[in-house]
Every structure is written in structure tokens, then in C-alpha cells.
Amino acid sequence: MSKIIELTTPLSEEAISQLKVGDVVTITGYIYTGRDAVLPKIVKAAEEGTLDQLGIDLQGSVIFHTAVSPAGVGPTSSNKVEIECTFEPLSKHGVKMHLGKGAISKETVKALAENNAVFAIIPPVTALLGSQTVEQEIVAFPELGMEAFNRLKVVKYQAIIAAAKGESIYD
Amino acid sequence: MTNIREKVADCLVRAGSTFREDQKEAYRKAIADEANAQSCWVMQQVLDNAIVAEERRSPLCDDTGIPHLFLEVGKNRSVSGEMMQEIMEGVELGLRQLPGRPMAIMGDDNARIDQSGGLNPDSGALKPSPILIKPIDEDVIRLTILMLGGGPAIRGITQRIFHKHNVDVVIEEIVNRATPAVSQLGCSPCVLAVGIGRSQFEATSLMMEAMVYGDFSKQTEFEKKITEKVNEANIGPLGLGGKHSVLATFAKVGPQRASGVRIVALRPCCCFEPRRASVDL
Ligand code: SF4
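One line per chain: the protein sequences are H and D, in this order.
Read left to right, the first sequence gives residues -17 to 153 (this note's numbering).
Read left to right, the second sequence gives residues 4 to 284 (this note's numbering).
Same shape as in the complex, but just chain H:
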């Protein structure tokens, strides 16, 4: 494995275009969290042009598919229908990295490539991620509790690129 690539959010088009399947990256900076309950609502807000009102800026962003509970954070399966169907619209609205786990469909891999976005897998290492999370706050939809849309400030979360440039690690 080649050396670890250090990424800082917001992610630039150029940084994403250099990533390939199998690269291990570290992610530092602000990232968003959301899973099946909230992500379809974020897509709707993006399509209605109301993200600003919610205080959300998706340009160059990372969305980590996790709940935020007192136990911490950890990836849920990104291939749940309500999550995977958000990859394409959210990428169109500026999300550069979808972070979770599990194999995604060929159509989603292609849609990511068309929008210069990637899918990365993060192991379910809750304690480690807790030690690398320095801030967390609810940004939108607080009524969803653990499944609200959160913003985390993270330091060197490690992940592996699982889909980029139309290729998948599971091919």
C-alpha cells in the first residue's frame, strides 16, 4: 500500500480527481453526518434551494453515514436504499466524499465518477473515531435525535477509497 494521503475539508476538485480505489486517506476538518432518516431530507432541501436557511454548505463536503449517539459514531451500511439513492443528488450539490461501509451498485459508482466524487469505507472503530473527534453539533433536523444532521470537527479519520473514477474496490 502506498503512503497515506492527507485530505483537509472542504475538499477541492483537484484533490478528489487524484484519488483512486485502494488509496488510504486521512480526513481532517469539518464533516457532516447523516443516515437513512435525514439524508433524503437534505436532498429535498438541496433541490428546493433551502440549504442556506438550514446553515448547510455542501461544497467540497464529506458526509459520514452514521448516527451520533452517546456511544459515539460508526459507519452504517451505505447501500441501504434511502442512503445510496442520495449519492448522486448530493454529489451534484457539492458533496465530494460519501463515507460509510458496504458495496454500492455499479450505477452509483458511475454517478460518483460523473460528478468527480468518491465513496470511502471507514472501519467501525468507534473508540478511535471518538479520540479523533474534537467538536460535534447538531446542524439540522434535531427532532430526529441520534439521526439528526450533525457537523463534526475531526482529526485524521482514516478511510480507504472504495469507489472512484468509475471503479470499485469490490470489482
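Treat the hints as calculated values from the structure; they're not laboratory data.
Every residue gets a Cβ at the ideal spot worked out from N, C-alpha and C, and that includes glycine.
Treat each hint with caution, since some may be false.
Straight-line distance between alpha carbons at most 30 angstroms, and here's what the computed DSS-like set of lysine-lysine pairs gives [stated by the list, open to error]:
{"#": "1", "chain 1": "H", "residue 1": "Lys138", "chain 2": "D", "residue 2": "Lys246"}
{"#": "2", "chain 1": "D", "residue 1": "Lys246", "chain 2": "H", "residue 2": "Lys(-15)"}
{"#": "3", "chain 1": "H", "residue 1": "Lys147", "chain 2": "H", "residue 2": "Lys2"}
{"#": "4", "chain 1": "D", "residue 1": "Lys221", "chain 2": "H", "residue 2": "Lys62"}
{"#": "5", "chain 1": "D", "residue 1": "Lys27", "chain 2": "H", "residue 2": "Lys147"}
{"#": "6", "chain 1": "H", "residue 1": "Lys(-15)", "chain 2": "D", "residue 2": "Lys232"}
One side of the interface only, derived from the structure: several residues of chain D facing chain H at Cβ under 7 angstroms [to be verified]:
{"#": "7", "residue": "Gln48"}
{"#": "8", "residue": "Cys64"}
{"#": "9", "residue": "Pro131"}
Listing some non-contacts, in silico: residues in chain D with all C-beta distances to chain H over 12 angstroms [stated by the list, open to error]:
{"#": "10", "residue": "Arg60"}
{"#": "11", "residue": "Met87"}
{"#": "12", "residue": "His166"}
{"#": "13", "residue": "Phe219"}
Based on these hints, arrange chain D with the ligand on the given structure of chain H.
Here is chain D with the ligand on its own, set in the frame of chain H:
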């Protein structure tokens, strides 16, 4: 607060946050023996996570699991209703201390099935599974707590196997069931927990016992064969390939029925499992 409550609470926190030494060693060995760099990276992350979790006494995974209790009782010891009550209170306290992810679904039978009754925000509201009690020769009352996650529960299978008077037939069928289960689980490398008995209840109880006593450094030929055969599928940690999809098999074979059928309970335990700890009460 009674001594038993505190001991049980501490045991639960250890179960949810600590790798045992044989478990750490299994990871070290697998990393040293694995040629696939991505697979090594996953296993190193899991091991690093265990070290941080132990230091911080914080959950290994945000799915903190459902507490399953196994009580061993020496022949000169007795367990009272009061002690059982204190054990339950200790579980509640431990879940708040860990802290466990709030996972208690509220409401009547239907509301608990379809999850329409909402979630109790109190980590301590989560009820443990029914307690298993085993008589032993040692002069002790020992409680083991297992924290069982949702992913392996989804992929677990309890079903009969017709043995055809040949152990290899049973091994082959276990491997046939385990291989797709490990692949679909995702949170691997796995440990396969296996119980073989005369009924679904007995097989599952034996599988629990296998998780309670299993040791990565002590593997029978039966266990080794299952591990090796599943690893031939090259699924690898998180499904990224490599020869360490399964780090060990923990099997317990109980008394068997005079018939052609064996009931086999199989659980593909995830990369942190069996999350377990024991305490003498
Ligand atoms: S299967 Fe295990 S590692 Fe994966 S989310 Fe569940 S408890 Fe965590």
C-alpha cells in the same frame, strides 16, 4: 449501592470496551501473516481501536450490543432472587456508564415489533436477554456478560443438518452457511460461534457457551477446519480480500440425539466479538 451491582456494572463496561489478550494476539498474528495491505490496514485499525477503547473505557463500536448473561454456579454456592435483582441493576448501571447506545424500543407488542413506539433515550432502559445458568465444579459464582451486536444477529442461522454419520458432512454444511454470512456481514474479520445440540434452544445455548469459553489460542481440529475452509473464499476484512476473513471458530458440541439430525446454531461474530468479560460475585 451494593458490591454486586458495582461489580456487574464494571464487568459490562469491560465487555463493551476491552479486547482480551488472546484476542489482541490473534490480530497481531493475522496482521503479520497477511500479504494484502488493505486487509492489514483494516485489522490494524481494529486493533488500534481496541487499545484506545480500553484506555478510555469507551465502547468498541457504536452498536454497543444487547447484554447476554451467563451465570456459572459452583455446587456449594447458592443464587438468591435478591442476587438476581442486583445483577439486573448492575446491568442497568453498566449500560449507563459505558455508555450503551440507547436501543430500548418502547410500547406494546405491536409497537415494539414495528418500532412505532419510539426509542427510550436512557441507555440503561435496555433489557438483557434471559440469563443462562450452568452448574460447575469450581467453588465460585461467576457472571459472564456478552454484548451481542445487530449485524451478526442478522446473519446468524440456526437450522438442522443431516450428518450422514460423517463429521465432514456437518463441517461442510457449516462452511456453506458461514461463507456467505461472513461476506454479507461486512464488519469482519469474524469469529464463528457454533453450537451443536438436540433442539434449537440447546444449540443456541451451546453457541453462547462457545462464546463464553472460546480462546483464540486454543483451537480444536474441528474448529481449525471450519476456519481454514471459510478463509479459502478470500473475503477478507471488510470484504477487501485476503486470507483472514475468520480469525477463529469457537464451537461447543453438546449431547446428541440418537437420530440422523444435528441442530446447528451459527453466529458470524463481528470483528469486536465475542465482546465479553467475567466477574466472580
Ligand atoms: S457488526 Fe459489530 S462491528 Fe459491525 S456495527 Fe455491529 S457491533 Fe459494530
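Hint-by-hint comparison with the structure:
1. At most 30 angstroms may separate the alpha-carbon atoms for a hinted pair to count; Lys138(H) and Lys246(D) meet this at roughly 28 angstroms.
2. The straight-line distance between the Cα atoms of Lys246(D) and Lys(-15)(H) is roughly 23 angstroms, inside the 30 angstroms bound, and the hint therefore holds.
3. A hinted pair counts as satisfied when its Cα atoms are at most 30 angstroms apart, and Lys147(H) with Lys2(H) qualifies at roughly 7 angstroms.
4. The suggested pairing of Lys221(D) with Lys62(H) is violated, with an alpha-carbon distance near 38 angstroms, which exceeds 30 angstroms.
5. Restraint check for Lys27(D) and Lys147(H): the C-alpha separation of about 37 angstroms exceeds 30 angstroms, so the hint is violated.
6. Only pairs whose Cα atoms come within 30 angstroms are accepted, and Lys(-15)(H) paired with Lys232(D) is rejected, the gap being roughly 33 angstroms.
7. At a threshold of 7 angstroms, the smallest CB-CB gap from Gln48(D) to chain H is about 5 angstroms, leaving the interface hint in force.
8. A hinted interface residue such as Cys64(D) counts as satisfied when its beta carbon comes closer than 7 angstroms to some beta carbon of chain H; here the least separation is about 5 angstroms, so the hint holds.
9. Here the hint on Pro131(D) is broken, as its CB sits about 17 angstroms from the closest CB of chain H, past 7 angstroms.
10. Chain H draws Arg60(D) into its interface by the beta-carbon criterion, the shortest separation being 9 angstroms against a cut-off of 12 angstroms.
11. No Cβ of chain H approaches the Cβ of Met87(D) within 12 angstroms, the least distance being about 27 angstroms, so the stated non-interface status holds.
12. Every CB of chain H is more than 12 angstroms from the CB of His166(D) (nearest about 35 angstroms), matching its label as outside the interface.
13. With a minimum CB-CB distance of about 19 angstroms to chain H, Phe219(D) clears the 12 angstroms threshold, and the non-interface call stands.
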